[in-house]
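As a plain string of letters, each chain reads:
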Amino acid sequence: MNASSSTVFIGVGNPFRSDDGAGIAVVRRLRGEVPPRVRIQEESGDGTELLEAWKDADCVILVDAVLSGAPPGTIHRLDARTEKLPTWFSHSSTHAFGVAEAIELARAMGDLPARLIVYGIEGLDFSAGTELSPEVAEVVPAAANLILQEILHLPAVRSAGST
Amino acid sequence: MNAKSLKVDFLARVEGEGGFHLKVKDQSVKEAKLNIFEPPRFFEAFLRGRKFTEAPDITARICGICPIAYQMSACHAAEDAFAAKPEGAIRELRRLIYCGEWIESHALHIYLLHAPDFLGYEDAIQMAKDHPDAVQRGLRLKKIGNAIMTLLGGREIHPINIRVGGFYKAPSKAQLQTLEEDLKWARDASVETALWVATFTFPDFQRDYEFVALRHPSEYPLNEGRLVSNKGLDIPISEYEQHFAEEHVQHSNALHSTLQERGAYFVGPLARYNLNFEKLSPAAKDAAKRSGLGRECRNPFQGILVRAVETVYACDEALRIISTYNPPDRPAIEVVPRAGMGHGCTEAPRGILYHKYAFDERGLILSAKIVPPTAQNLKTIEEDLTDYVSTRLHLPNDRLQWQCEQAVRNYDPCISCATHFLRVRIERE
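Protein sequence lines, in the order shown, are assigned to chains A and B.
Each step along the first sequence adds one to the number in the numbering used here, with nothing skipped, and position 148 is 141.
To get the numbering used here, take the position in the second sequence, counting from 1, and add 786.
Treat the hints with care, since some could be wrong.
[To be verified] To be clear about the criterion: a stretch of chain A counts as covered by chain B if any three or more of its residues have a C-beta under 8 Å from a C-beta of chain B, and this derived list gives those stretches:
hint: 1; stretch: 40 to 53
hint: 2; stretch: 93 to 99
hint: 3; stretch: 109 to 122
By construction, these hints were calculated from the structure, which means they are not laboratory data.
Using N, Cα and C, we set each Cβ at its ideal position, and we do this for glycine too.
Can you make the complete structure from the sequences, with help from the hints?
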């Protein structure tokens, strides 16, 4: 496996849970935009699936909806290698064993990818529904652009692109 | 400890969020209210006007943990309405994919959600530091369950290969055989799981429950059977609504299900085990015996043990299906819609999941009703908490909270539909 094939971009969420679908919305917006060598994956947020999804990856970019108390539409960025995920990170998930748990479990077992960047989009409404709140829908393009720039500047992606 | 009110942070390790509230006065429990479940009304409304073919995929979105259960109940309900009955290899493939869901769901609950309670850890992450091998075994078991779902379902989360009448595409024998080696490992690992769980200390607790599960004449129930109980219930699933009622309770968005004649009831692994023990495979019965379970188990804390036994069964059953499988001539039977009512009831990992639909002559959904297992256990969980806490009021709040959480998790409540964070509140007056 070459370096470029081990970069994964994961969108997490449930589009039937209103703003919980924000991460999926970002991923869908970026399909066709990110270099083909970056594997794109949509996940429901089941932590054990995430462990599988990034198993052979050196570099992982993940985006999920969160509920931290910040204004809706706030975009958070965390480097999971250097900081523990705050507990609020998993509290918007419908999974008991979600994103934060998967990351902390991987850390406990020494299985974290070499690079793991987590984006969180602050949601407002996580009730059943298929629409994003206006405040959240509004920031999806900006979040997508931020993430795209980060992906394009990843060393693995850049070096693969130049060959 | 008078007039003491305590708000505790999030209750982790139940699917979704919710809350419970205990009110204690004069050293007795006045109220135990559980608010961890939102009925799938949105989905019921969303289904109206859609074609019968869409019901399995839409309802699968209700729960990321047990999509197969939702798809199966939806398929069976539509087939019931349209007098279609897939048999033979299609029926076997349905059992196989359901086994995959049981394996992955039970492994998740046993290892990552419930075991930490028994071993005294805050969560699986803390537990992993001291028990890395156990956590790895749980993760691998779960992955093997997922592999069955991926192979048959197209993908494990919200599988796309399931349809009313059968499947879009049936696997070859050789494809199924790729699962065999892992499943043999999984069967052994499930036995080990049962023996490991058997070393836990279980609180001495039981009540006079009414257990409700499906019962089939020749197999441990997954997709089909009559609804039976240990207190005389024995009905076809089409009579569900004549015996079970949903009552709206004020403290919760949830509808609490009750048996009209007798009140609260208990669904899930313990109910299945008690009502269908004879139908377990020899290896599963043996694992039960070796882990100290009798023919009957009434202690909800031992549900974790019964889950392990059911995981042995699911691996065994999956292996049996694979070894006798011959692909069907067609992956699905023809289904011709007509106006009418259809019922579906299957055994989700957490217990019976009931669906009812009314269709018009084109197969469009006129109305839908979905009763998930967790809604059916809510009243029993509240009663458990009341009884359990009553004898433990001398404990400090943090200890009491821990034990309450453990008691709630006995039921592996799936509250994916909940929109409110679960806060534990113990109020002492």
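How the hints compare with the structure:
1. 40 to 53: holds (count 5)
2. 93 to 99: With 3 residues close enough to chain B, the hint holds.
3. 109 to 122: It holds, with 4 qualifying residues against the three required.
Every hint from the earlier list agrees with this structure, and none is contradicted.
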